[in-house]
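Undergrad: Each chain, written out:
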Amino acid sequence: MAILTTREVKGVGFTIPRPDGADKVTGHTRYVADLNPPGLLHAKLLRSPHAHARIVRIDTSLAKALPGVRAVLTAADIPELHPNAKTRAHAIMAIDRVVFAGQPVAAVAADELAIAQEALDLIGVEYELLPVAVDALQSMQPGAPPVADAGTEADTSEALAHSGVAATESQDDSKAVNVAQQTRLSRGDVAAGFAESDVVIEHTYRIPMVHQGYIETHSVLAEWDSAGGLTIWTSTQGSFNTRSEVADVLGLPETRIKVVPMECGGGFGAKIRALCEPIAALLARATRRPVRYVMTRREELAAGMPAPRVVMRVKSGVKRDGTLMAIEAETILDSGAFAGAVLTLNGIFLASLYRWPSFEVRGVEVLTHKPSIAAYRAPTAPHTVFAIDSQMDRLARALGLDPAEYRLRHLIDEGDPMANGQPWQKNGARACLERMIEHPLWTGRAEWAASGGRDGRGLRGTGLAVGGWIPGIQPCSATIKLNPDGTLNVVTGQVDIAGTNVGLAQIAATAYGVDFEQVSIVTADTDSAPLAGLSAGSKVTYTMGAAVMAAARDAREQTFKIAADDLEAAPEDLEIVDGRVVVRGVPERSLSLADIGKKTNAFMSNVPPVLGVGSLGFSQQAPAFAAQLARIEVDPDTGLVVLHDFVAVQDVGKAINPLGIEGQMQGGAVQSLGIALTEELQFDDDGRLMNPSLLDYRKLTAADVPDIETIMVEVPAPAGPFGARGVGEPPIVPAPAAVANAIEDATGVRITELPLTPERVALALLARPSEDGLSA
Amino acid sequence: MPRMILACTVNDEPVEALIQPYQTLLDVLRDTIGLTGTKEGCGTGDCGACTVHLDGQPVCSCLVLAMQARGRAVRTIEGLAEGDALHPLQDAFVRFGAAQCGFCIPGVLMSAAALLAENPSPTEEEIRYGIAGNLCRCTGYTKMVDAISEVAGAAGGKA
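Protein chains in written order, with numbering that gives the first Met the number 0: chain P, 0 to 775; chain Y, 0 to 158.
In short, the hints are calculated from the structure, not lab data.
Covered, in the sense of this in silico footprint (three residues per stretch, anywhere, with C-beta under 8 Å from a C-beta of chain P), are these stretches of chain Y:
{"id": "1", "stretch": "38-45"}
{"id": "2", "stretch": "77-86"}
{"id": "3", "stretch": "94-105"}
{"id": "4", "stretch": "124-131"}
{"id": "5", "stretch": "135-144"}
Note that the Cβ used here is the ideal one computed from N, Cα and C, for glycine as well.
Only chain Y is shown next, with the shape it has when bound in the complex:
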């Protein structure tokens, strides 16, 4: 198949990549662009490990053809921190011990960041549903929910 040129922004940087039309956004991010922070856990949209933002919306990048990102803004876990400072969610995840093996964490953080962008003061139930598309096998979710709650509380007044 003839290759195609994908032009989009990834973490605010313009990117041009020569890709196969059948490649997923996940594969292009990892293999072509070299951003391996985004993980593949299932390849079928069931585990959420590959969650990135496409124009601010959380998507499973394993279910998005890379060409669907043409002209759009992609944000990955590598683009969540602001400069050298960790994003408040990242900082809270570290302090709360919310990352164990860490494989699901990039996806969880991208889902949590999208949740807070849309709903800065979520209830615990809303937080739990907000990351329900992200499977974690190590933590039992408690520390993740606590970490997100703290950030939401600091940002939006919800304890």
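Same shape as in the complex, but just chain P:
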């Protein structure tokens, strides 16, 4: 999409700090929990301590009698509740059976938080304990304790939010107990492929549930007006989606609800779906007061919407010369108590990130008595790439081939078929890997390995991995207006969770022809903004960027039309230079943008205001890849893995704002390293979370990680604005595989279960056969 700009403006491609930075560093940015309207009530939820139990009775009389308590609600007070809730949001409260520990059974609104907390202690709930299914392998067996009520259907809207890659096949007829969905992708003769293979490697990879870990817990404030309109201030990744979901849950027309998206203190996928909005709205309705609900960290960890536990058995066969023959895989994805996982991309990456001529990959989504899952930044891609990249690394080592060269030889290119039959679109997977293997940390890996293991020092190794995501698409629209002072305003309904607004302003600046400082951008509420999609699926810049670009071009044309009359020139002979519309080649014939803006706003003027509109749908996705390298040292006694260096290479298509992209790459890499090294929601046999605090759920700190070096490559996306690709999700994908590969490089031991804790690594080292062939 060629854009006519008459000179280089300060826009696309410039490193520009976020305009909201000053508010963020001074504490002025307002999040939901900072709102304190007159009459505010505070909400608390009573949550089930049991993972599976029948509710025999609930007695709220003592709680209701506590001074300062304004409302106590249970399922009996909520006519909108239905059995067989189709999403977690619809299951506002357990009706007669709780299906995970932490599920709400009662809600309180009170004058003070401490009163609400005290009221919870006064609510008596009698439970009849039921058998639990905590482990997915157990839960999918016949006769396992049921999680969903009969008739609960798999909800696939989450998958659609992230990717338009359609599921190809499902086998709904063969549902086992607690199996919510099954997928199967296959091509060629897998049995023959294995029969003809010289080397066959099979591993089972296990990744536990992890939490997205945003520092701002789920927060919402709800208030009704006298006419029955509901306003919701919330921390969300998609205000229109929140509006739709709440409308559906509460049975309201969407126009009766206004969602005001507040600054989102981190979402990473977990704030796509509604969670606390319905109960806050119901408490506000019951009390006729504004009600604020902020989840505690303990509630977040125990009853948020984490990423699924994933178990993948992967078997792959190759010829002695390395030729890929066949891959067969089985994925079991534990979604907790409600369905809604992305399974298709797991199959696509397992079967067709490399050119397997024959494959059969099956996926099963299983329900268990645990908190239900949501997206987490490239949902299940870190898991999937942990498996397939570990597998490729193992195969290369087994064949005595260079692991990076081996990947390059078999990696897909544009036009290769994906496992679902669609062709891979143009992408930079190969470019990322090629760039990475030139890096001194890769070319110098032998020296690094040789430097370890002596003089009491640790075992040293280097690992790399390549992976990515197929970002989503969603229709969206934007407007841009020319102000009387010659500046521009962009209005969208797109929540800025990643610094995307500055990039959108840069796109508007370049497309219109002014410097970035002349453009301001606002995220409006659902009453005021044109429709926008989720801020998820690495698609804000790709989709809304294109809409803003279209709006800016529209505004530019309108501007030229107005100027053309005044300057007595054809619009196509005009250009914008330094805030003035100029007749090309005749610099003395010009009109300032402010003059034009004033004409469109003057009393008795007949000149229509400039209002550019961009409203687009999309059909082409742009795969986005990253390669990451970890240089590590393993303490052979304690099993501690120390990261010495970490490099992230990513295909960004076109770097709209390099500063923001670096931040995405670095932050994603450290989240990825958290999955690799420390993070795990640990449940006991009764389905209770054993580590519901940030002391015991261990996220990486500044002291745990080195500088994250970032390198961008630019393989333009054909349909992306200025060639830009999505950048949010790929950085979280490769690190677990890269670190596991580095551990094998350092120690010779392959570990297939995350996280790679000191205990796990030390035990694996102990089990390693010693040089005399005996186990240590």
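Dock chain Y against the given chain P, drawing on the hints supplied.
TA: Structure of chain Y alone, referenced to chain P:
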């Protein structure tokens, strides 16, 4: 419970507040005094988002009873800037793009400011340990460390 009067200074201004004895310093700052820049991320002292200075020392204000601040000097993120000019750390955080979602940032800045007050020329390792009590989920810490290093270098000669 009978309320108590808390008298202290907050950002160099004398403050008197009628509070519950069980209230934390975090809750009083946010709800009673109206300084919402200080954030709650966990309420158990694990994430550092609520970090403020108490007599110059960084503390998790969620772990401090408000009455413990009686007669003492509290400084919050709202009191870090000097007049209209941003504190050098704040300015560096903006320029380096160290703030993404921003929720952890007030706490990180208060920890970093306390670090530099005690050790004007920290090494990178000392900077990393200095903010290790502050969890950030967006940035991967690199830009924060770079920003703090620049300020430390300008102030104390450490590059």
